[in-house]
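Generate the whole structure from the sequences, applying the supplied hints.
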Amino acid sequence: MPAKLAFAYRETGQWEKAGDELNLMVAMATTPEERRENLQIAAELYDQAGNEDKAIDTWRQYANGHPEPAADYMEAANRLAELYESRGDFERRDFWLNRQMEKVDRNPEAADDRMRYLAASATFAREALAYYDSIRLTLPLNESMVAKSNALEDAVQAYPFEDSAIDIHEQNIHRAREGIFDEWVQRSYESLRRSLPGRYNKPEVTAGAVHDLG
Amino acid sequence: MIWDKKLNALVLGLLLLSGCALGPERAAAPDNRDAPDDTATVTGESEALLQEAFAEAVVLMENGDTDEARRRFEQMTAQHPQRTGPLVNLGVLAFQAGETELARGWFEEVLVLNPGHPVALNHLGVMARNAGDFRTAEQRYLEALDANPEYLPALLNLAFLLDVYLGEPGKALPLYEQYKALAAEPDPKLEDWIFDAKNRI
Numbered sequence: 008m009p010a011k012l013a014f015a016y017r018e019t020g021q022w023e024k025a026g027d028e029l030n031l032m033v034a035m036a037t038t039p040e041e042r043r044e045n046l047q048i049a050a051e052l053y054d055q056a057g058n059e060d061k062a063i064d065t066w067r068q069y070a071n072g073h074p075e076p077a078a079d080y081m082e083a084a085n086r087l088a089e090l091y092e093s094r095g096d097f098e099r100r101d102f103w104l105n106r107q108m109e110k111v112d113r114n115p116e117a118a119d120d121r122m123r124y125l126a127a128s129a130t131f132a133r134e135a136l137a138y139y140d141s142i143r144l145t146l147p148l149n150e151s152m153v154a155k156s157n158a159l160e161d162a163v164q165a166y167p168f169e170d171s172a173i174d175i176h177e178q179n180i181h182r183a184r185e186g187i188f189d190e191w192v193q194r195s196y197e198s199l200r201r202s203l204p205g206r207y208n209k210p211e212v213t214a215g216a217v218h219d220l221g
Numbered sequence: 161m162i163w164d165k166k167l168n169a170l171v172l173g174l175l176l177l178s179g180c181a182l183g184p185e186r187a188a189a190p191d192n193r194d195a196p197d198d199t200a201t202v203t204g205e206s207e208a209l210l211q212e213a214f215a216e217a218v219v220l221m222e223n224g225d226t227d228e229a230r231r232r233f234e235q236m237t238a239q240h241p242q243r244t245g246p247l248v249n250l251g252v253l254a255f256q257a258g259e260t261e262l263a264r265g266w267f268e269e270v271l272v273l274n275p276g277h278p279v280a281l282n283h284l285g286v287m288a289r290n291a292g293d294f295r296t297a298e299q300r301y302l303e304a305l306d307a308n309p310e311y312l313p314a315l316l317n318l319a320f321l322l323d324v325y326l327g328e329p330g331k332a333l334p335l336y337e338q339y340k341a342l343a344a345e346p347d348p349k350l351e352d353w354i355f356d357a358k359n360r361i
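Residue numbers (our numbering), protein chains in the order written: chain A, 8 to 221; chain B, 161 to 361.
Keep in mind that the hints were calculated from the coordinates and are not lab data.
Warning: the hint list may mix true and false statements.
Said to hold, decoys possible - Derived Cβ-Cβ restraints for the label pairs, each shown as a range:
id : chain 1 : residue 1 : chain 2 : residue 2 : range
1  : B       : Pro-346   : A       : Ile-187   : 32 to 38 angstroms
2  : B       : Lys-340   : A       : Ala-77    : 20 to 26 angstroms
3  : B       : Glu-345   : A       : Pro-204   : 19 to 25 angstroms
4  : A       : Gln-55    : B       : Thr-296   : 55 to 61 angstroms
5  : A       : Thr-38    : B       : Gln-256   : 56 to 62 angstroms
6  : A       : Ala-78    : B       : Arg-231   : 56 to 62 angstroms
7  : B       : Pro-275   : A       : Glu-98    : 56 to 62 angstroms
8  : B       : Pro-348   : A       : Ile-187   : 30 to 36 angstroms
9  : B       : Pro-348   : A       : Asp-64    : 32 to 38 angstroms
10 : A       : Glu-23    : B       : Lys-340   : 45 to 51 angstroms
Said to hold, decoys possible - Below, a sample of chain B positions facing chain A; criterion: calculated Cβ distance under 8 angstroms:
id : residue
11 : Met-221
12 : Arg-243
13 : Asn-249
14 : Phe-255
15 : Val-286
16 : Gly-292
17 : Asn-317
18 : Phe-320
19 : Tyr-325
20 : Gly-327
21 : Pro-348
22 : Phe-355
Computed from a prediction, not measured in an experiment: that's the story for all the values here.
Glycine residues also receive a C-beta, built at the ideal position from the N, C-alpha and C atoms.
What follows is the structure, encoded as structure tokens:
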């Protein structure tokens, strides 16, 4: 019965009711795989319904109970991070960002492009917030940047700001290609190594002792 | 430990003495191929002793006894200035200690003996990059790869230079791929670097 009702609610765009029926089907599922799929569909339906409380609750059940398949887990964790982000609950958002990074870190060979993208985005968002917290300590870089950073601090919240801060540093390091490698360019590289380590923190490799007498 | 050091010093002393005494004989050896092989045997022994002393100094270096390692390499390079190994390791020790100018001097001496020494060229590349002289860095890495196309540190460093400092991820990408194909244990972050470079091309 719940299956038929769920179908009917979905067909008529009654997403929340369809989600509730799917939740009932979770309890009635006869195999773990069926339970997993129903839970995932229920969470998606609550998302479509715009019911954040139920979406969070269901995605959380899903992610906590189903670490595999990894790709689905990553989507669930990503959605939870987005939902907490929209509520301004950064502690929980960070928790799910970390879970995404850990998932890919633990088994990088198993990650596909989409998973790597999610993990990289999670890293970016997580570090962006940390960087924002430290921005008063690391700036001013130079006079022109003081103005920009002040404006930045006044104007922005949470993490869309970080695009701007990173833009400033990325513009600044372009000067290195023109032969300028002054203190400010080097500081911008330092900031970018912290805020975007996947792209900028690439320390050069050197050999240790040579064993060949030559 | 003290005995070890004394013994090592004794071996090194003997070696250096033998190195001094045997130098001219080694030079003369190729002209006396029909003569009894005493000289060749002694030369072989002195080479073996030198190899042994060098290996011991390398162990000291790797165990962190850098002062003693440095002292021994300096002695060796004074007695056997034509050997690149002690010079390179003096360069590496100076580089690791942050003594950039000293390191540069040692590595440049290496290049006088062997212009294609990849370890020296790679270190000179890194030092140029640290100083912001990206074109020299690129040149040094390319020279290292010219001498040894599979020298992984220079391969990866050239990719980093192009990717991070010269803003040319498209040129870095094939180098990352090449490193991936050659490295027995590539850096675990390599796939992410490749993915990110592709997205920026």
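Here's how the hints hold up against the structure:
{"no.": "1", "hint": "B:Pro-346 / A:Ile-187: 32 to 38 angstroms", "in the structure": "holds (33 angstroms)"}
{"no.": "2", "hint": "B:Lys-340 / A:Ala-77: 20 to 26 angstroms", "in the structure": "holds (22 angstroms)"}
{"no.": "3", "hint": "B:Glu-345 / A:Pro-204: 19 to 25 angstroms", "in the structure": "holds (21 angstroms)"}
{"no.": "4", "hint": "A:Gln-55 / B:Thr-296: 55 to 61 angstroms", "in the structure": "holds (58 angstroms)"}
{"no.": "5", "hint": "A:Thr-38 / B:Gln-256: 56 to 62 angstroms", "in the structure": "holds (59 angstroms)"}
{"no.": "6", "hint": "A:Ala-78 / B:Arg-231: 56 to 62 angstroms", "in the structure": "holds (58 angstroms)"}
{"no.": "7", "hint": "B:Pro-275 / A:Glu-98: 56 to 62 angstroms", "in the structure": "holds (58 angstroms)"}
{"no.": "8", "hint": "B:Pro-348 / A:Ile-187: 30 to 36 angstroms", "in the structure": "holds (34 angstroms)"}
{"no.": "9", "hint": "B:Pro-348 / A:Asp-64: 32 to 38 angstroms", "in the structure": "holds (35 angstroms)"}
{"no.": "10", "hint": "A:Glu-23 / B:Lys-340: 45 to 51 angstroms", "in the structure": "holds (48 angstroms)"}
{"no.": "11", "hint": "Met-221", "in the structure": "holds (5 angstroms)"}
{"no.": "12", "hint": "Arg-243", "in the structure": "holds (5 angstroms)"}
{"no.": "13", "hint": "Asn-249", "in the structure": "holds (5 angstroms)"}
{"no.": "14", "hint": "Phe-255", "in the structure": "holds (7 angstroms)"}
{"no.": "15", "hint": "Val-286", "in the structure": "holds (5 angstroms)"}
{"no.": "16", "hint": "Gly-292", "in the structure": "holds (3 angstroms)"}
{"no.": "17", "hint": "Asn-317", "in the structure": "holds (5 angstroms)"}
{"no.": "18", "hint": "Phe-320", "in the structure": "holds (4 angstroms)"}
{"no.": "19", "hint": "Tyr-325", "in the structure": "holds (6 angstroms)"}
{"no.": "20", "hint": "Gly-327", "in the structure": "holds (6 angstroms)"}
{"no.": "21", "hint": "Pro-348", "in the structure": "holds (6 angstroms)"}
{"no.": "22", "hint": "Phe-355", "in the structure": "holds (5 angstroms)"}
Hint check: no violations occur; every hint is consistent with the structure.
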